[in-house]
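The lines below spell out each chain.
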Amino acid sequence: MIFTDFVFYILASILLFAGMRVITSRNPVHSALNLVLAFFTAAGIWVLLQAEFLAIALLVVYVGAVMVLFLFVVMMLDINLDKLREGFWDYLPVAGFIGVLMAGEMVLILGSNHFAIITAVEKSAGYSNTAELGHVMYTQYLLPFELASVVLLVAIIAAIALTLRDRKETKSINPSQQVKVKRADRIRIVKVKSETEVAEVIEPAPTDKPRGIK
Amino acid sequence: MDNIQYDMITALPEIIVLSMAMFILILDLFLTDKTRFFIYVLAQFTLFAAAYFTLTTHTPSVGYSFSDMFVDDALSDVLKLMMYLSTSLILVYTRNYIKLRGMFRGEFYALVLFALLGMMIMASGQSMLTIYMGLELLSLCVYSLVAFDRDNVKATEAAMKYFVLGALASGLLLYGMSMIYGATGTLNISQIAAALIDPTLIQSTGSHPVLILGVVFIVSGLAFKLGAVPFQMWVPDVYEGSPTAITLFIGSVTKLSAFAMVIRLLAQGLQPLALDWQGMLLIMAVCSMVIGNITAIAQTNLKRMLAYSTISHIGFLLFGLMSASLNGYASAMFYIASYVIMSLASFGIVLLLSRKDFEADKLDDLKGLNQRNPWIAFLMLIVMFSMAGVPPTLGFYAKFTVLQAAVQAGFIWFVVFAVLMAAIGAFYYLRVVKLMYFDEPVDHTPIQPSADMKIVLSINALALLALGLMPQSLMTLCAYAITHSLQYPK
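Taken in order, these protein sequences are the chains called A and B.
For the first sequence, the numbering used here assigns the number 1 to the initial residue and increments by one for each residue that follows.
For the second sequence, the numbering used here assigns the number 1 to the initial residue and increments by one for each residue that follows.
Careful: at least some of the hints might be erroneous.
Short derived list, chain B residues pointing at chain A, Cβ under 10 Å [said to hold, decoys possible]:
hint : residue
1    : S65
2    : F70
3    : F108
If you are wondering where the hints come from, they were derived from the structure by calculation, not from laboratory data.
Since the model is a prediction, treat every value here as computed from it, not as a measurement.
By construction, the Cβ of each residue, glycine as well, lies at the ideal position given by its N, Cα and C atoms.
Chain B extracted, bound-state conformation (with noise of 0.2 Å):
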């Protein structure tokens, strides 16, 4: 605590979100429904100004803060301009949702916000105590708001199944630091790395059994919240059951923030282990690809098989983070970026097409989508071609990337079975298209989306192709933020 004013500076986006979202849950207290749309404003703006100051006090270099328990870098910046950006598109999209709903409360925009500092929070987490209390910050938030819709009984349900897994995964978690702490007597990400490579600690002490024990705990935690298989049982229930608008925010942007979390702790913190938790995501990976692929294609309802969509992309993204190098961690967060813009589309369009007192979750509910409203069909095509993997798209090149990661690794066979469950994958995303293009519709209600709603979709969806044509930027964005944020001691 030597230096108060560096510690603020590097955390100010931080202190902004949460001191705007304390504001907007006292100014909703003097609004009356019909001025209440201020509270959106108010919110965007927030994100805004969070990702002004995330840029201007941007710097290539790695500072610590809060007593190296916070850190500021390239990594945790390029992630945070992320998840600004993220959840920007998810009110836009939830905006009508909610409001049809009797949702739309100053409480809503008030718990998104304090979700969004809970993952800022793990994505500049630089102590296993300040990642912890990120995750339970993001977590409390997301429960309560999968409740949010007090008077549905299926979201009730999801959000007891969500907090009660939720709490033993955070539990699995906690019980691994705790090990790892007792092991090498320290908190501190970078000082669990040097602790690690320490010969003496580990020929003196003989703690490797206990390192093992806890870095399998952590792992587990770490897969939980993920969503990888065998931890996956709470997705599609969870996904099924929520409001769609609180669906879009976990299958989005929590992942990004369980993205940072696995780089703070495996490939920051445990790297030096690495040879024991490669071969843990490994199976992870194999074993999501295969269930998620292949339970997807016996789904009748739209959020469910998303929902199974999401555990094998989990799948591949582990691939990428097995690799354990540089490359691998780069491509991993390409994946991961690639994957939260296809998943803010589909549930955007989820979204759009839902009504008062009805839900677009049903994959009959697509059908005939091309007559009713060929743009929409037309979005909804990119995205599933994206999600299947289809060149020019965006996909494409994140499956591309990781699975070059993998075979630079030497894990070629893994790689050959990974395109094969791409290719079973590929059927239920095409499935979708020939629903929309070539099926009657049974539904044959206007579709009248919002305008904004639909400008943003539509940017959001086209990305896909823009990305995917031109991959570089984004490719570049990730390979600076990973190379720029970790740096292994020689």
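Looking at chain A on its own, in the form it has when it is part of the complex (with noise of 0.2 Å):
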């Protein structure tokens, strides 16, 4: 229990650093990473609680995923922090004492003693709550489950239907009529008469537009 509490400490100020040093580095490169951080101990915590099923979710999809998509956005992104930062200092004092203000009070109504805490009971070796979570998602929370999976829907159509055009300078082709396309689409053929000799056609008389420049 003392090993498991060592950890757990450790942890935790790996987890508090790097959430403070999401919000105060400079570059935003470093804040993602330091979130990146944040998610990687937060999953080391939960595998400490024994919830192993969220501990790989995080990892796999934010750490994974989610945070992947999100560096390649910032370094796109060209981001003057200094000027989103401006009176950071400024505000500090005020809003660190409103913050920690708050948190107390918050701790005086909040106790954990006013919840209905229930007591973990120690699950045998051969536990997987994964198996577990699979069982109760597809039995007792199935009308959520696939709720969800329809608002995720939603939020597909809803992304495509705004962002989604036809641009009018695409080249892009469309494969099915590139297949229906006939001989008689393509090929225009032009009798073209023998060639004679004529007379000498003068040139017309020169415009003032530059030949050769549509």
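Make one complex out of these two single chains by using the hints.
Okay, structure coming up:
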């Protein structure tokens, strides 16, 4: 027990440090990387709490996918953080005071003895909470689970409906039209009379438009 | 999950709406602009089919399904029928408008149906989780519908405001729900109510402060969704900025779902804490009436004026809810139903007066409407009288029942105040009548509504008069829904 407590405090302090660095670092890329570190240590804490599925999901989804995308966006955008952070230190004392005050008030009102906390039951060695989660998700929580998938579907539809537009200047081609093309659409046979000798044509009078440029 | 067949039957209307929304989405790919009208027919058919199955599977008893996360009771069925009817009217009113603005696409109808699904889930939610999922489904659809007219800068701005503030409100609501969950240990609405009257919970754990804080957050979230003061900031901007077709949607049918959410959360789940939330609703009701009615006087934009009028109507609705009695809830339901009918008609007329590249959203656009088209002016007259609460229109009875419930609950002085506010509100409604009948028209373009829209709109507006003369039918329906669904443990 002592050892797990020790690991918890180490992870918690790394998490807090990383969280602080996310908002204090001057370089947005560093902020994003610190956020990755924060997620990673949070996953470690979840493993300590025997929530291994959540820990893996956090690593795979947030660290693996979301944050990598986020990093790309941050690297591509040219953000001048100094402008965004103007006045940060001026406001810090007031904001910090109010923050501490609010936290203190919340602790006073919402001590843990107010919640009906159910003490965790020790599980046997072969217990897998991934399997348990899968079980309740498709039985007891079927309806909210399906609704969540509908919400995601709506998000896809909305994103496409709001952003996809046919741009006039694209050179994209429609494959089905391409396949359906007939010889007559592409080739036009023009009968040209064989060359005969004619009298020399007089050149038209030069205009003020320079030739060769449309 | 012992009885999947029963689960499916209770959720049959939802399943139909969901499958049809997806079908419409796919079918749209194969349609050309000429045949796209079929999508509209299909959407109307979906509403009809859902209504048919809601009616045929209706029983007065309360049925729980999906592990008690979903409820099929009289309240949900009646509210769903109202939702189908108003969505159907919305589709009729908006068809021409969206065609002229290049919004007549399959996604529009799919998103409307998905939003309807979200509202149906909210009406049937029996767990805080389901209610929240329904709310998110609805909100996501509405945000994107507001921005649907993509080249309209004002609409995009409105969508952005709506999205940011809506996300904040969802966060408040969720925070409140998490506190209630932390204090009671359950997400299920009826189990919460049972836990709250269990004296051992409150005394042994001393969780009252957490519960109160949870109620505060939940009430704030609900007030935002309803648009009550002090969470009303988004209402005028979103109403004005959205394409009128979407304003019609936000202003009418979504209020039914917000009402359903209030009943499920406050009247069903947190009823034992009624003493705590009654006061909050009272303050919000009074402020909504003052700010809504007085600010509406200063508006020159018709949509903005109607937005402030919504805020004041929500004030009246809260008066009914505040009584925290079955009578009060029934009168609040009667009020919201009447409000939806009025709001459909009023925005329907704004849509009817709009043309290509022209929005009839200024008060001046109504000038001399009587000379341009006496029939539409007459319909607008009924709607405005009803909104102002002039007898014998429906609006009068709606206000009357709500205030009666408040008197019974002992809020006599506040009722006197509400009547005063209604009198102030009558000014700006009657100003619209004055503009229509006594001013010279500035715009002489002939009004050519499509036949179906004109007929449906006439029925809609005349219903205000008919139901005003015979309010018993609607009142009985609301009382039936409330008394058969809310069962308080003795």
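Verification of the hints:
1. At about 8 Å, the closest approach between the beta carbon of S65(B) and any beta carbon in chain A falls short of 10 Å, and the interface hint on this residue holds.
2. At a threshold of 10 Å, the smallest CB-CB gap from F70(B) to chain A is about 6 Å, leaving the interface hint in force.
3. Hint status for F108(B): holds, given a least beta-carbon distance of 8 Å to chain A, under 10 Å.
Violated hints for the displayed structure: none, as all numbered hints are satisfied.
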